[in-house]
Amino acid sequence: MSQQTSVARDRGADAIPVNKHRRDWRGWKFMWPFAVIFVLVFIIPIVYAVYISFFKRKLALGNRTVFVGFDNYIRLFQDQQFWQGVGRVAAFTVIQVPVMLVLAALMALALDSMKLHGTKFFRISTFLPYAVPAVVSTMIWGFVYGAKYGLVGSLNDLLGTHFDVLDPSVLLVAIGNINTWEFTGYNMLIFYSALSTIPHSLYEAAAIDGATEWQIVRRIKMPELRGSLAITVIFSIVGSFQLFNEPQILKTMVPGNAINTSYTPNIYAYNLSFTANDSNYAAALAIVMAVITMIIAYAVQLKSMKEQMK
Amino acid sequence: MRTAKKIMAASAAVASMFAFTACGESNTNATPGAQPTDTNTAEAKGEITFWGWDSGNAMGDIIAAFEKANPGITVNFNNTGTAEKTSTALTNAISAGKGAPDVVMLEDPTVTQFAVTGDLLDLTAFGADKLADDYAAGPWNKLQYNNAPYALPIDSGPEMFFYNKAVFDKAGVDGESIKTWDDYYEAAKKIRATGAYITNMAGTSNDYQPFTAQAWQAGAQPWKVDGTKITINMSSDAGLKKYTDFVQKLIDEDLVDTKTSNWSDAWNRGLNDGSIASLTIGAWMPTNLISGAPDQAGNWRVAQLPQWESGKEVSAEDGGSALAVVKSSASQAAAYKFIEYLTHGDGAQLMADTGTFPSLKKILSSSAFTDPNNEANKKTNDYFGGQNVNQVLAEAAQRPTEKFQYLPYNPFAQTAYGDEVSKAYTKEITLAEAMKNYANKLAEQGKSQGYDVTVE
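From first to last, the protein sequence lines stand for chains A and B. The opening position of the first sequence corresponds to residue 1 in the UniProt record's numbering, with each subsequent residue numbered one higher. The opening position of the second sequence corresponds to residue 1 in the UniProt record's numbering, with each subsequent residue numbered one higher.
Isolated chain A (complex conformation) (with noise of 0.2 Å):
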């Protein structure tokens, strides 16, 4: 008996080394659901669009695809007009994620400080606008910002004023805070968590140090809040460079052609779709929209994890 079981062990040392060579298909047993469908709704989309940003569709040739290799990139690289969306998203992003996110860190922190009556309220309803669906808060904006039929309108009337935030110039503006206020309320949620996953000990303990309010603030809320805004400036980004529902939306609102066919580049992936019939060139684009953005977030992310290890 004692001399099987060490027989059995000898064997069991012996097999170690043997298993490391073999393959073993256990886990994978356990992957492959896992696998199938990431297969299916991840690689095979983003290889398809790969693969037919290669190719151009013409009409004139009874809409049969041809094989044009880098044709599409190099048409994209020299397209004004996506260019200009690209200049447009970032400019968006370069200022409105800023705000946004100021104005997110401040209100969990007055949320956070615990000295607000009503705070379940106003974290309600600062969250709300996230839940109402872009389309819809965008149609509302639009009715308050109309210089002609809609509240700004009225409040023209009533001042003898001329203002017309739908103009041109101001436009990018008028829908960075459709976006502000559509989202900060989400980055505050993110914001506010991380502030409560503080020990309460900590406080305590500031408080027979005798610390302010201020030093609290700056030595023990704020490297908490840090973590969680590598997170919020990755969405945020991604959310503003693929910038759509808000101008597709309001383009039927605004006085004339303000909105036009390429004013970002997911609207111009669309029209270039749906209307140019050329979802080969719209392929081409939104994997050169993809790749600027994941550059963007990965440098972002670097930077924080950087500022992180310090």
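There could be a bad hint or two in this list.
Claimed, not checked - Below, simulated SDA-like cross-link-like pairs (lysine to any residue); rule was C-alpha separation at most 25 Å, straight line: (1) A:LYS148 - B:PRO294; (2) A:LYS148 - B:LYS447; (3) B:LYS98 - A:ILE37; (4) B:LYS85 - A:VAL135; (5) A:LYS115 - B:LYS85; (6) A:LYS148 - B:ASP254; (7) B:LYS427 - A:TYR51; (8) B:LYS447 - A:VAL39; (9) B:LYS423 - A:GLN80; (10) B:LYS447 - A:GLN78; (11) B:LYS447 - A:PHE163; (12) B:LYS447 - A:ARG75; (13) B:LYS98 - A:ILE46; (14) B:LYS447 - A:ILE37; (15) B:LYS423 - A:PHE163; (16) B:LYS441 - A:PRO168; (17) B:LYS441 - A:TRP83; (18) A:LYS148 - B:LYS98; (19) B:LYS98 - A:GLN84; (20) B:LYS441 - A:VAL39; (21) B:LYS423 - A:TYR270; (22) B:LYS98 - A:ILE43; (23) B:LYS447 - A:ILE46; (24) A:LYS148 - B:GLY292; (25) B:LYS229 - A:ASP71; (26) B:LYS98 - A:PHE163; (27) B:LYS436 - A:GLN84; (28) B:LYS447 - A:VAL288; (29) B:LYS447 - A:ILE74; (30) B:LYS441 - A:THR65; (31) A:LYS148 - B:LYS189.
If you're looking for bench data, these hints aren't it; they were derived computationally from the structure.
Keeping the supplied structure of chain A fixed, place chain B upon it in accordance with the hints.
Just chain B now, kept in the frame of chain A:
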């Protein structure tokens, strides 16, 4: 790790195989001049899907009448909202290779585009070519490609002059006396003096249809299409120049509202509060006015389109829609039977009764169509202050039209119009310059779609 990489590579390979087959399928689909496989309409049975919009709010009743008259055929109507959404959805379904309807409602200028790509059936085999003389020439001519009909016209849209008599009276203008575009210009000045605008023009994609109609009436031939050869002439075409010079004058003197685009919320409000005093738009407009400008009931009137030369009677078409059979349909004969019923058979009368402006000569010239005691006419005539509206519209529909060709990539032409031409309405550039940029944009698109394009 290595296994994972291999699996990734394998899945990428599988993915590209899918892609190859998908591509191969769409290639075979694209043979121009698609012929039907089943023309036996007498024994047609089955279920057909129909995509379209329902401006008269009566499609349910009309389909019920069709199903009653044709037992064995069921029609599933899918309200796709607007013309633009319908053609977008059709493009998507065709490129996806499935999910396309059997019957589709399209705006006239887009019919050729789908005929060129071989996605609509040539209706000659069903005998549709023999119906040519039964329809008004304007809409019928727009649905032909390679001398074969690819759709049957539901309605026609002769361009009309609609005006708000109350606003015109206040400005001291008699709408009836506006016979030429010069008269129109003088009226515009008087109306502007009262604070209102004679009309709106913003150069957006929604103003593309009225643009083509009025340039067409001026005798413009900006686009000539001959197979895969396209000639674009938007800088020296005499008709187009007449149009651009005239509109430029209206913009420069602030005689038109350049901020409000057609079909926007502000447009309906402007029509409703009288700040937009008239429209030059298709004969299908009355139902839209009744629903969009209810406060002005009794004030609107309709007249013939002003002429470029006094004494002439030249008309042009604005919009109009048609029904076509999609090539992928499994019940082609039943589908044709349905479109014939709706545009040529008993359904055409039902459509006309619910506000569609007919293209069928038989209905246009029938006494019932212009009978002021007819129930449907009563409602419209009341809104138009007792005017016999259909009499004016029917006269326009019988007027001669010049030939006019749209580009095979009409949806692009429409959106690009907004991008390029609107700059003239915000006074960044002149309309002539905008037209030149627009021509170049159209040429660029044509070349990238494989056409042989010449810009003159």
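Hints versus structure:
1. A:LYS148 - B:PRO294: holds, 19 Å
2. A:LYS148 - B:LYS447: violated, 42 Å
3. B:LYS98 - A:ILE37: holds, 23 Å
4. B:LYS85 - A:VAL135: Roughly 17 Å separates the two Cα atoms, so the pair holds.
5. A:LYS115 - B:LYS85: Roughly 53 Å separates the two Cα atoms, so the pair is violated.
6. A:LYS148 - B:ASP254: holds, 17 Å
7. B:LYS427 - A:TYR51: This hinted pair is violated, its Cα atoms lying about 43 Å apart.
8. B:LYS447 - A:VAL39: violated, 37 Å
9. B:LYS423 - A:GLN80: holds, 17 Å
10. B:LYS447 - A:GLN78: holds, 17 Å
11. B:LYS447 - A:PHE163: violated, 44 Å
12. B:LYS447 - A:ARG75: With a Cα-Cα distance of about 13 Å, the restraint between LYS447 (chain B) and ARG75 (chain A) holds, given a limit of 25 Å.
13. B:LYS98 - A:ILE46: Satisfied, since the Cα-Cα distance of roughly 21 Å is no more than 25 Å.
14. B:LYS447 - A:ILE37: Violated, at about 41 Å.
15. B:LYS423 - A:PHE163: holds, 22 Å
16. B:LYS441 - A:PRO168: holds, 23 Å
17. B:LYS441 - A:TRP83: holds, 17 Å
18. A:LYS148 - B:LYS98: The hint is violated at about 45 Å.
19. B:LYS98 - A:GLN84: Violated, at roughly 36 Å.
20. B:LYS441 - A:VAL39: violated, 40 Å
21. B:LYS423 - A:TYR270: Given pair LYS423 (chain B), TYR270 (chain A) holds - Cα atoms ~22 Å apart, limit 25 Å.
22. B:LYS98 - A:ILE43: holds, 23 Å
23. B:LYS447 - A:ILE46: violated, 28 Å
24. A:LYS148 - B:GLY292: holds, 17 Å
25. B:LYS229 - A:ASP71: holds, 23 Å
26. B:LYS98 - A:PHE163: Judged against 25 Å, a Cα distance of about 50 Å means the pair is violated.
27. B:LYS436 - A:GLN84: Judged against 25 Å, a Cα distance of about 21 Å means the pair holds.
28. B:LYS447 - A:VAL288: holds, 24 Å
29. B:LYS447 - A:ILE74: Measuring from Cα to Cα gives roughly 16 Å; hence the hint holds.
30. B:LYS441 - A:THR65: At roughly 22 Å apart (the allowed maximum being 25 Å), THR65 (chain A) and LYS441 (chain B) satisfy the hint.
31. A:LYS148 - B:LYS189: Answer holds: LYS148 (chain A) to LYS189 (chain B) is near 22 Å, not above 25 Å.
The structure shown violates the earlier hints numbered 2, 5, 7, 8, 11, 14, 18, 19, 20, 23 and 26.
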